[in-house]
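Build out the structure end to end from the sequences listed, making use of the hints.
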Amino acid sequence: MAVTRAAEIDMARVDELIAEEERALEPKQPKSIAFHEVAKKHVAGGVASSWQDAPPHTVYVTEGKGSKIWDLDGNEYVDYHNGYGVMVVGHAHPKIVKAVQERVPKGTHFAQPGPEIVPVAENLVERFKVPLWRFGNSGTEATLDAVRLMRAASGRDLLIKIEGTYHGHHDSLMVSVMPEAEDIGPREHPNSVPQTLGLPQAFADLVRVVPFNDLDALDRTLTENEGRVAGMFIEPAMMNAGIIPPEPGYLEGVREITKRHGVYLAFDEVKTGCSVAWGGAVERWGVQPDIVCLAKVIGGGLPCGAIGATEELMARVISGDMDLQGTFNGNPLTMAASLATLTEILTPDAYDHLEHLNTILADGINSAIDRYALPAYVLTFGAKGSVIYSPTPVRDYRDHLKVDERLSYLAWLVQQNRGVFKSPWAKTETWTIGVQHTDADAQLYVDNFTELASMLAAAS
Amino acid sequence: MSVTERDTAEIDLGRVEELIASETKALDVKHAETLRYREVAKRRLPGGVSSSWQTWPPHPIYVDRGKGSHVWDIDGNEYVDYHNGYGVMVMGHAHPKIVEAVQRRVELGTHFAQPTKDALEVADELEERYHLPYWRFGNSGTEATLDAVRIMRATTGRPLIVKVEGTYHGHHDALMFSLFPTREDAGPHEHPLARPESLGLIPDSEKSLLVVPFNDADALEVAFREHEGQIAGMIVEPVMTNCGVVLPDDGYLQRLKDLCHANGAMFAFDEVKTGFTVARGGAVEAFGVVPDLVALAKSLGAGIPCGAIGGTEEAMALVISGELDQVGTFNGNPLTMAAAKVNLQEVLTPEAYVRIDELDGILRRCEDVIAKHRLPASMKTLGAKGSIDWRATPIHEYRDLWEIDDRIPQLAWLWQLNRGVFKSPGSKWESWTTSIVMSDADAERYVENFESLAEAITR
Chain A
9 MAVTRAAEID MARVDELIAE EERALEPKQP KSIAFHEVAK KHVAGGVASS
59 WQDAPPHTVY VTEGKGSKIW DLDGNEYVDY HNGYGVMVVG HAHPKIVKAV
109 QERVPKGTHF AQPGPEIVPV AENLVERFKV PLWRFGNSGT EATLDAVRLM
159 RAASGRDLLI KIEGTYHGHH DSLMVSVMPE AEDIGPREHP NSVPQTLGLP
209 QAFADLVRVV PFNDLDALDR TLTENEGRVA GMFIEPAMMN AGIIPPEPGY
259 LEGVREITKR HGVYLAFDEV KTGCSVAWGG AVERWGVQPD IVCLAKVIGG
309 GLPCGAIGAT EELMARVISG DMDLQGTFNG NPLTMAASLA TLTEILTPDA
359 YDHLEHLNTI LADGINSAID RYALPAYVLT FGAKGSVIYS PTPVRDYRDH
409 LKVDERLSYL AWLVQQNRGV FKSPWAKTET WTIGVQHTDA DAQLYVDNFT
459 ELASMLAAAS
Chain B
292 MSVTERDTAE IDLGRVEELI ASETKALDVK HAETLRYREV AKRRLPGGVS
342 SSWQTWPPHP IYVDRGKGSH VWDIDGNEYV DYHNGYGVMV MGHAHPKIVE
392 AVQRRVELGT HFAQPTKDAL EVADELEERY HLPYWRFGNS GTEATLDAVR
442 IMRATTGRPL IVKVEGTYHG HHDALMFSLF PTREDAGPHE HPLARPESLG
492 LIPDSEKSLL VVPFNDADAL EVAFREHEGQ IAGMIVEPVM TNCGVVLPDD
542 GYLQRLKDLC HANGAMFAFD EVKTGFTVAR GGAVEAFGVV PDLVALAKSL
592 GAGIPCGAIG GTEEAMALVI SGELDQVGTF NGNPLTMAAA KVNLQEVLTP
642 EAYVRIDELD GILRRCEDVI AKHRLPASMK TLGAKGSIDW RATPIHEYRD
692 LWEIDDRIPQ LAWLWQLNRG VFKSPGSKWE SWTTSIVMSD ADAERYVENF
742 ESLAEAITR
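Taken in order, these protein sequences are the chains called A and B. Following this note's numbering, the numbering of the first sequence begins with 9 at its first residue and continues without gaps. Following this note's numbering, the numbering of the second sequence begins with 292 at its first residue and continues without gaps.
No wet-lab data here; the hints were simulated from the structure. Only a predicted model underlies this, so the values are computations on that prediction, with no experimental measurement involved.
Okay, the calculated beta carbon distance ranges per label pair:
#, chain 1, residue 1, chain 2, residue 2, range
1, A, Lys103, B, Gly305, 53 to 61 Å
2, A, Thr446, B, His552, 56 to 64 Å
3, A, Gly294, B, Lys333, 23 to 31 Å
Just so it is clear, CB atoms sit at the ideal spot from N, CA and C, and this is done for glycine as well.
Now the structure itself:
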C-alpha cells in the first residue's frame with residue numbers, strides 16, 4: 009500500500025462526473041425506478057431493509073446465477089455486492105440448489121433438533137477452533153447471544169466496542185456504529201453515541217468505545233473500568249469502513265490485554281468468517297477469541313447465524329441455567345445449505361481460487377493507481393477487497409471519516425454503468441467475490457477501475 | 292372457588308407419577324438412536340440442540356423428516372404433528388406448492404440484499420389481512436418485536452414499554468422479562484415485578500419495562516396514571532399462547548388500544564404465534580381490533596426463517612422518511628419471500644381455514660371426555676390453536692397457571708408421544724397447532740389418546 013506522489017483530485021470535476029454517470033444510469037433502470045414507487049404503497053420505503061435503498065435510486069434484482077445477477081430492467085452485472093458479503097458460494101450454486109431441492113420435500117422446519125446439526129458444528133469447530141456452537145437466523149441474533157453469554161458468565165455489565173463497527177441492530181451494540189464527527193468526542197475517550205432513535209441512552213452508556221488499532225486506549229479503558237467489563241466485541245478487520253486491517257501485533261495485543269484484565273473477547277466474524285480465509289480471521293491472523301459470531305457466508309444464501317464459544321462461556325447453557333433459543337434455530341433447510349456450503353463448496357482449494365482472483369484485482373488496480381498517481385490504495389483478503397480513496401493508510405474510524413465519500417460513490421456509479429454491481433454505500437462497504445467468479449470477471453472490474461482512474465487523473 | 296365450579300374427579304398424583312415413569316421408560320425404548328445421537332451432539336452443541344427449547348425431559352427428540360401432517364424421528368417413529376415446529380407449520384410439512392416455490396426460486400438465486408418484486412406481493416397480502424398499510428421484513432419473531440419496541444420508543448420519544456405477565460416476545464433484551472415468574476418472585480398482582488427471565492440481560496433494563504396482568508385493562512390505566520408521559524407503548528399477544536390458549540375478554544383489546552391512544556402511546560400486537568393460525572387474518576381478524584403495529588413470523592414463511600413488522604402510516608413514518616433504519620442483511624430475501632407469497636396467495640386461503648374449523652370440531656370432542664370423566668380440566672381453542680389446561684376453570688391470566696401441577700401435563704405429553712401424537716414440549720405452557728392437511732383420523736387420534744389418558748388417571 010505504498011502511496012507515492014499522489015495527485016490532487018479536483019472535486020468539482022468529480023461532482024460533474026457523478027452527475028454524468030447518474031444521468032447515464034437512469035435510462036438503464038426505468039423499471040426499477042418505476043417499481044420503487046409501486047412498492048412504496050405497502051412496503052415501507054419500497055424496500056425490505058433500509059440499507060437496500062441507496063443513492064441514486066433503488067435497484068430491484070430479479071435473479072442470479074454464478075457470478076452474475078440481473079436487475080428488473082434485464083441489465084446483467086458481475087456481482088461484487090453478493091448480498092452484503094453473503095454469496096461467496098455464488099448464486100444458485102448447483103450444490104446448494106441440490107441440497108435445498110432435496111431437503112424441501114422432506115420438510116424444512118420442526119423446531120426439533122435434526123441430524124444435520126452435528127456435521128455443521130464439527131466443520132465450524134475445525135475452522136474457528138472454538139468447541140461449542142448454537143445456530144440462529146442472522147448476525148444480529150448471533151451477537152445478541154454473545155453479549156448475553158459474556159454478561160451472564162462474568163456477572164458484569166459493561167461492554168467494549170470499537171468505534172465505527174456494526175454488530176447487528178439489537179440494543180446492546182447499536183452504539184457509535186457510524187457516529188457523526190461532531191458527536192464522537194475526544195479520541196482518548198470517545199463518546200458512546202446511540203446509533204438510532206429508540207435506543208435509551210442508558211443502554212449506550214453501558215458501552216465503552218475505543219479506537220481500532222490502538223492498544224494503549226484499550227488498556228487504559230480497561231484499567232479505568234477494572235472489574236466492571238464483561239467483554240469486548242471486535243471485528244478483527246473493520247469491514248464497514250472499507251477494510252481497515254489490524255496492524256501487525258494488534259489482535260495479539262487485544263487478546264493479551266483482555267486476558268490480563270479478565271475480560272472475554274468476542275470476534276464478530278459475521279463478515280470475515282469463511283470469507284477472509286477458510287477459517288476466517290481466526291485463521292488469517294492466528295488469534296483465538298473466546299467467542300466467534302457468524303452469519304452471512306455460512307448459510308449459502310439462506311438466513312442463518314451461529315455462535316461458537318468456549319466451554320466456560322457455554323457452561324450455563326449446558327446446565328440449563330440460561331437458555332439460548334429461537335424457533336427457527338438450526339432448521340433443516342438452513343443446515344442442509346450450510347453443510348453443502350462448508351463441506352462441499354468452500355473447501356480449502358476454494359480459497360486458492362479466491363486469492364488468485366484477488367491477485368488479478370489487486371495487481372490491476374495497483375497498476376492503474378500507479379499509472380495515474382491516484383491518492384488511493386487497494387486491500388484484499390480472501391474473498392474481500394476494497395479500494396480506499398485516501399493518500400495515507402486509514403487506521404481507524406476517525407481516519408475513515410476524513411475520506412471524501414464522493415470518490416467511492418463515483419466508483420460505484422462507474423462500475424454499475426459498466427456491468428459490475430458493487431455494494432451500495434460504497435465508501436463503507438467492501439467488495440465480495442465468489443468461487444464462481446472468473447478471471448474475466450476480475451478483469452472487468454480492473455478495466456472499469458482503470459477507466460475511472462483515467463477520468464480522475466484528467467480531473468487532477 | 293367460583294360457584295360455577297364443576298364437581299371434578301380427584302386425580303391421584305401418585306398414580307400420575309407411576310405413569311410418568313412407565314411412559315418415560317416406554318419412550319426410551321423407542322428412542323435408542325435418538326439417545327445415542329444426543330451424546331454425539333452434546334460434544335458440539337450445548338445440550339445437543341440448536342435452541343434450548345428443543346430439549347425437554349426425558350430427552351430431546353431428533354426429527355428426520357416431515358410430510359403433510361406427519362413427522363418421523365431418527366428412530367423411524369411416526370407421529371401426527373401437533374407441535375408443528377412451535378406453531379409454524381399450519382400449512383403442513385412439505386406442502387407441494389411450497390416445495391415447488393422453493394425448488395423454483397433456489398435455481399434463480401436466494402439472496403441479493405437488494406429488494407425484489409415478491410416483497411410487495413407479500414406485503415399486499417399482509418395489508419389485506421391485517422389492515423396495516425406498511426410492512427418490513429426480517430428473519431424471526433425476535434427481530435420483529437425488537438423492531439416494534441424500537442419504533443414505539445423512536446416515534447414517541449418515551450422510554451417505557453408495557454408488557455403482559457407470562458408472555459414471550461422473543462429473546463432480545465427489552466422484553467425478556469416475566470415470562471414464567473414464580474409465585475415467590477412475581478410481586479403483587481396489581482403491580483407485577485419485571486422479573487429478568489435470563490442471566491446476562493442489559494443491566495437495569497427492567498427499569499424500562501412495566502408488567503401488567505392479562506385481561507386487566509384497569510392495570511394499564513393505572514400504569515398510565517403512575518407514569519404519565521413516560522410510556523412509549525404496549526405490546527400484547529392478543530391471545531396468550533404460552534400458558535395454554537388464553538382468550539381476551541370481550542372488549543379487552545379495544546380498551547387497551549383506546550387507553551394507549553388516549554395517553555399518546557402506541558399499541559402493538561405480537562402476532563408471531565396467532566398470525567395465520569387463530570384466523571386467516573390472525574387476531575386482527577378474530578377480534579376486529581387493528582393496532583398500530585403487528586409483529587409476525589412463524590407461519591408466514593411456511594417453514595423458512597422469516598419475520599415481518601407492519602404498521603400504520605404514522606407508526607412507520609420514521610422508517611419511511613429514513614430517520615429510523617429498520618435493517619437486516621437477509622430481510623426480504625427472495626427464498627423467504629417466494630415461500631411466503633405462495634403460502635399466502637395459494638395455501639392459506641379462506642377455504643383452508645374451513646378445514647381448520649372442521650378439525651377443531653373433532654378435537655372439541657375432548658370436552659365430552661372432560662365431562663364424562665369429570666376431569667379437572669378445561670379446553671380452549673381458536674382456529675388452529677388449542678390447549679387443554681389441567682384446571683377446572685379456564686385460565687384467565689398467567690397466575691392461574693400456578694395452580695396447575697406440572698406432572699399432569701407432562702404425563703399428557705408423554706402419553707400422546709407414545710401413541711403417535713407429537714405435541715410441543717413443555718405442554719403445560721404450549722398450545723397445539725393443527726394443520727390444514729390433517730385428516731379426520733389425525734384429529735381423532737388425539738381425542739382417543741386423551742380419552743385413554745383420562746381413563747388411566749381417574750381409574
